[in-house]
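This is what each chain is made of:
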Amino acid sequence: MNGTPETASRLADTAMLAAVIILENGGETFRAEETAVRICRAAGKPETEVIALPTGIFITVRSESGSSVSSVARIKERAMNLCRVERANAYSREFDSGRMSLEELNAKLTALRHSTLASRPVVALFAGISSAMFTLLFEPSLSLSVLFDIAVTFICTFAAEYICTVSRLRSTHQFTVTFIGSAIGVIAALATGISGIGNLGCIIIGAITPLLPGVSLTNAIRDTVMGDIVSGTARLAETVIIAIAIARRCRYRTCRICQHYGGAL
Amino acid sequence: MNIIMYLRDVAVCFFAAFFYGRFMSVPVKPLIPSSLSAAFSYLVYRIIFVESGHELIGFLSAALTVSFVSEILARIYKMPATIFVMPGITRLSRGRSVPLHALPRQKRYRRLSLDRSADAVHLRHHAVAIAVVNALRADFGKREKGSQ
Chain A
1 MNGTPETASR
11 LADTAMLAAV
21 IILENGGETF
31 RAEETAVRIC
41 RAAGKPETEV
51 IALPTGIFIT
61 VRSESGSSVS
71 SVARIKERAM
81 NLCRVERANA
91 YSREFDSGRM
101 SLEELNAKLT
111 ALRHSTLASR
121 PVVALFAGIS
131 SAMFTLLFEP
141 SLSLSVLFDI
151 AVTFICTFAA
161 EYICTVSRLR
171 STHQFTVTFI
181 GSAIGVIAAL
191 ATGISGIGNL
201 GCIIIGAITP
211 LLPGVSLTNA
221 IRDTVMGDIV
231 SGTARLAETV
241 IIAIAIARRC
251 RYRTCRICQH
261 YGGAL
Chain B
1 MNIIMYLRDV
11 AVCFFAAFFY
21 GRFMSVPVKP
31 LIPSSLSAAF
41 SYLVYRIIFV
51 ESGHELIGFL
61 SAALTVSFVS
71 EILARIYKMP
81 ATIFVMPGIT
91 RLSRGRSVPL
101 HALPRQKRYR
111 RLSLDRSADA
121 VHLRHHAVAI
131 AVVNALRADF
141 GKREKGSQ
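Order-wise, the sequence lines are chains A and B.
Just so you know, the first sequence maps onto residues 1 to 265 in this note's numbering.
Just so you know, the second sequence maps onto residues 1 to 148 in this note's numbering.
By construction, these hints were calculated from the structure, which means they are not laboratory data.
Here the structure is a predicted model, which means the values were calculated and not measured.
All C-beta atoms, glycine included, are put in the ideal place defined by N, C-alpha and C.
Incorrect hints may appear among the rest.
DMTMM-like, lysine to aspartate or glutamate: derived pairs with alpha carbons at most 20 angstroms apart [as the list claims (entries may be wrong)]:
hint, chain 1, residue 1, chain 2, residue 2
1, A, K76, A, D13
2, B, K29, B, E71
3, A, K76, A, E94
4, B, K78, A, E94
5, A, K108, A, E34
6, A, K108, A, E47
7, B, K29, A, E94
8, B, K78, A, D96
9, B, K78, A, D13
Short, incomplete list of chain B residues facing chain A, as computed with Cβ under 7 angstroms [stated by the list, open to error]:
hint, residue
10, G53
11, H54
12, S61
13, Y77
14, P80
15, V85
16, I130
17, A131
Here chain A stands alone, though its shape is the one from the complex (with noise of 0.2 angstroms):
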């Protein structure tokens, strides 16, 4: 590869998308930056600098002429799709082995993060059976009333999943959308209280558990034991505002409903 500043500038352009890709869909900062610093290095850049953020990354490359290549990329909307951030590494260490050609990466890549994503019915299934499961886990013995709490828990993910995913394509803020998605405890709250039967308990716990920040806290521990404590950091007061927006919902919506209706917790 020679050393033209063209040349440097579309090596940082392809590192950027790929450090890009990965932080918009819950990889690790040390990732995006691993994965960024792979590239330009098997370009034979080696003099690469990259810092990366949860809300953004700065990538310089160095040309052979002595001159520098700056770019930075905000990042402002982050989902979970771990099957992007596979791929995106899967690519880059493919052209670190040869196998592939600048342009080709740059091209792989583009169509990646243009990729359709599954459907929002299918994604909320899956969160309703996950969460139905989960709730079977909890129920300590087998019953006519377990039955009820796995359809309540079902009913509610999907209700949730499928609102939240919504209020994303919209941009909503991130504490928005867990916050609409933890009213589930009001159908879960008003379906135990008025029928008198299942476990209000066993219901939120299960029906909480897509919404729970799970990735952002082993991001953030994964992030903070590899030296990157800025990002930890950030990440851990993510994590804390999720969980304090599942918490507070939960406790105003079914406090009211259970106190007026009964409820079986």
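Chain A is fixed; fit chain B onto it per the hints.
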């Protein structure tokens, strides 16, 4: 608890992790190994909890198990370890204090404070398990080409 109950828990946990993985858009290839890892770690938790009565030790052992197995699977499949950690670790979240927010105020405080503390301790164990395994990986694991 008899063997049937253990098997039921393992089977339910496997399917819970499987569908949670699909929900998180985990690629199809590592989905079954990650679900098996989740079921195995949950079995570790249940056996220790039921046989010894120590929930925290069971939780820590299960979290360490899922972290170790995920790192091994990540190296085998050459994929990010997060793909394998997430379906397994989610089930180990406690979260028992959340529905207690629904209790009337006067009943809530004592139970809530106890369960909230227990949740916090569980969360710390979760963090410790992942941190220990990652620190070991960073210090002793060879950074082979293609490994995570």
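Can the restraint linking K29 of chain B and E71 of chain B be considered satisfied, given a maximum Cα separation of 20 angstroms? Holds. K29 of chain B to E71 of chain B sits at ~16 angstroms (cutoff 20 angstroms).
Below or equal to 20 angstroms on CA atoms is what counts here, so check K76 of chain A against E94 of chain A. 28 angstroms, violated
With a cut-off of 20 angstroms on the C-alpha distance, tell me whether K78 of chain B and E94 of chain A pass. The given pair, whose Cα atoms are some 12 angstroms apart, holds under the 20 angstroms limit.
Can P80 of chain B be said to touch chain A, with a Cβ gap under 7 angstroms? This interface hint holds because 6 angstroms falls under the 7 angstroms limit.
Mind checking the alpha carbons of K76 of chain A and D13 of chain A for me, to see if they're no more than 20 angstroms apart? This hinted pair holds, its Cα atoms lying about 18 angstroms apart.
Does I130 of chain B meet its interface restraint, that is, does its C-beta lie within less than 7 angstroms of any C-beta in chain A? 5 angstroms, holds
With a cut-off of 7 angstroms, does the beta carbon of V85 of chain B approach a beta carbon of chain A closely enough for the hint to hold? This hint holds: V85 of chain B lies near chain A, its Cβ roughly 6 angstroms from the closest one there, short of 7 angstroms.
Against the 20 angstroms threshold, does the CA-CA distance of K78 of chain B and D96 of chain A hold or violate the hint? 14 angstroms, holds
Starting from K108 of chain A, check that the Cα of E47 of chain A is at most 20 angstroms away, please. 25 angstroms, violated
Any CB of chain A closer than 7 angstroms to the CB of H54 of chain B? 19 angstroms, violated
Interface hint status, S61 of chain B versus chain A (Cβ within 7 angstroms): 18 angstroms, violated
Straight-line alpha-carbon gap K29 of chain B to E94 of chain A, limit 20 angstroms: Given pair K29 of chain B, E94 of chain A holds - Cα atoms ~18 angstroms apart, limit 20 angstroms.
Hints 3, 6, 9, 10, 11, 12, 13, counting from the list given before, are not met by this structure.
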